[in-house]
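Start from the sequences, fold in the hints, and give me the full structure.
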Amino acid sequence: AQSVAQPEDQVNVAEGNPLTVKCTYSVSGNPYLFWYVQYPNRGLQFLLKYITGDNLVKGSYGFEAEFNKSQTSFHLKKPSALVSDSALYFCAVSLNTGFQKLVFGTGTRLLVSP
Amino acid sequence: DAGVIQSPRHEVTEMGQEVTLRCKPISGHNSLFWYRQTMMRGLELLIYFNNNVPIDDSGMPEDRFSAKMPNASFSTLKIQPSEPRDSAVYFCASSLAGLVNEQFFGPGTRLTVL
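Protein chains in written order, with our numbering: chain A, 1 to 114; chain B, 115 to 228.
Keep in mind the hints are simulated off the structure, nothing from the lab. Hints may contain errors.
[Claimed, not checked] Heads up, simulated PhoX-like pairs for lysine-lysine below, C-alpha to C-alpha not over 25 Å straight-line:
1. Lys192/B / Lys101/A
2. Lys49/A / Lys77/A
3. Lys138/B / Lys101/A
4. Lys182/B / Lys101/A
5. Lys101/A / Lys69/A
6. Lys77/A / Lys22/A
7. Lys182/B / Lys192/B
8. Lys49/A / Lys101/A
9. Lys49/A / Lys22/A
[Unchecked claim] With the Cβ distance kept under 8 Å, some of the chain A side facing chain B (calculated, not the full set):
10. Phe34
11. Arg42
12. Phe46
13. Lys49
14. Ile51
15. Asn55
16. Ser70
17. Gln100
18. Lys101
19. Leu102
[Unchecked claim] Quick list of simulated restraints, FRET-style, between CB atoms:
20. Thr106/A / Thr134/B: 27 to 33 Å
21. Asn30/A / Gln194/B: 38 to 44 Å
22. Ala186/B / Thr106/A: 28 to 34 Å
23. Gln10/A / Glu158/B: 19 to 25 Å
Glycine included, each C-beta is placed from N, C-alpha and C at the ideal position.
What follows is the structure in structure tokens.
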């Protein structure tokens, strides 16, 4: 079965430090991978996606993600965290069903302290 | 662009009552998704439509739940009769059809069933 795993329920980082939110996937065929962010009392917002090509994908708000096929990972990164980055982050994989159907991870809460 | 519009934003009802949630997707998008988010189960896909046709409703919890999409600009999710365990935040999302296209989420409807 195709799935994604986010092994950390919460990640704590100090403002200005680099951050990493982890995601691993299990799919058959080529994976299409996504990161979304959810701020309190809001819907999910798209951050970035990997389709093909360069393994380092750049997205919104200074975030980037590195696709690693051998480790089946798609970790979200940012060189310097901001307090305003504190939110819930979801990794997702698109199922190869012919129609777009995303399977989401359980989410990782990022807490950036001043 | 107004984004995905959901109404109502909050709904409080009593057990046994009928609840109808509404969604207006982004104009031009031909895929629509209904999700439910709870602390216990995270983000669950309930049903999705492509070109107004339900493609996969395997996530609908039981017969008390039904969804319709009478035209490209409107969808409803109905719960009848409602139960306390239906309390959750319900999100509608839309996208262009295709495995690589990101979904755009509405602000959600917070449903409380007493």
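Results for each hint:
For the hint linking Lys192/B to Lys101/A, the alpha-carbon distance of about 21 Å falls within 25 Å, and the restraint holds. Restraint check: the Cα-Cα separation between Lys49/A and Lys77/A comes to about 13 Å, which is no more than 25 Å; the hinted pair holds. For a cut-off of 25 Å, the pair hint linking Lys138/B to Lys101/A stands: about 19 Å separates their Cα positions. With a C-alpha separation of about 18 Å, the suggested pairing of Lys182/B with Lys101/A holds against the 25 Å cut-off.
Proposed proximity of Lys101/A and Lys69/A is supported: the alpha carbons are some 21 Å apart, at most 25 Å. With a C-alpha separation of about 9 Å, the suggested pair Lys77/A and Lys22/A falls inside the 25 Å cut-off, and the hint holds. Under the criterion of a C-alpha separation no larger than 25 Å, the hint pairing Lys182/B with Lys192/B is consistent with the structure, at around 8 Å. Distance restraint check for Lys49/A and Lys101/A: the Cα-Cα separation of roughly 14 Å lies within the 25 Å cut-off, and the hinted pair is therefore satisfied.
With a C-alpha separation of about 15 Å, the suggested pair Lys49/A and Lys22/A falls inside the 25 Å cut-off, and the hint holds. Given the 8 Å rule on beta carbons, the hint for Phe34/A holds: about 6 Å separates it from the nearest Cβ of chain B. For Arg42/A, the interface hint holds, since its Cβ comes within 8 Å of a Cβ in chain B; the closest pair sits about 6 Å apart. Among the interface hints, the one on Phe46/A holds; its C-beta lies about 4 Å from the nearest C-beta in chain B, closer than the 8 Å criterion.
Hint on Lys49/A holds. Least Cβ distance to chain B is approximately 6 Å, under the 8 Å limit. The criterion of a C-beta within 8 Å of any C-beta in chain B is met by Ile51/A, whose closest approach is roughly 5 Å, and the hint holds. Interface hint status for Asn55/A: violated, as the beta-carbon distance to the closest one in chain B is roughly 16 Å, over 8 Å. Against a cut-off of 8 Å between C-beta atoms, the interface hint on Ser70/A is violated, since the closest Cβ of chain B lies about 22 Å away.
Taking 8 Å as the C-beta cut-off, the interface hint given for Gln100/A holds, the closest approach to chain B being about 5 Å. With its C-beta approaching chain B no nearer than about 6 Å, Lys101/A sits inside the 8 Å limit, and its interface hint holds. Given hint, Leu102/A at the interface with chain B, holds; its Cβ is 7 Å from that chain's nearest Cβ, closer than 8 Å. Between Thr106/A and Thr134/B the beta carbons are some 29 Å apart, a value that agrees with the proposed interval 27 to 33 Å.
Between Asn30/A and Gln194/B the Cβ separation comes to about 41 Å, which falls inside the hinted range of 38 to 44 Å. Checked against the hint of 28 to 34 Å, the pair Ala186/B and Thr106/A passes, with Cβ atoms roughly 33 Å apart. A C-beta distance of roughly 21 Å is found between Gln10/A and Glu158/B, which places it inside the suggested range of 19 to 25 Å.
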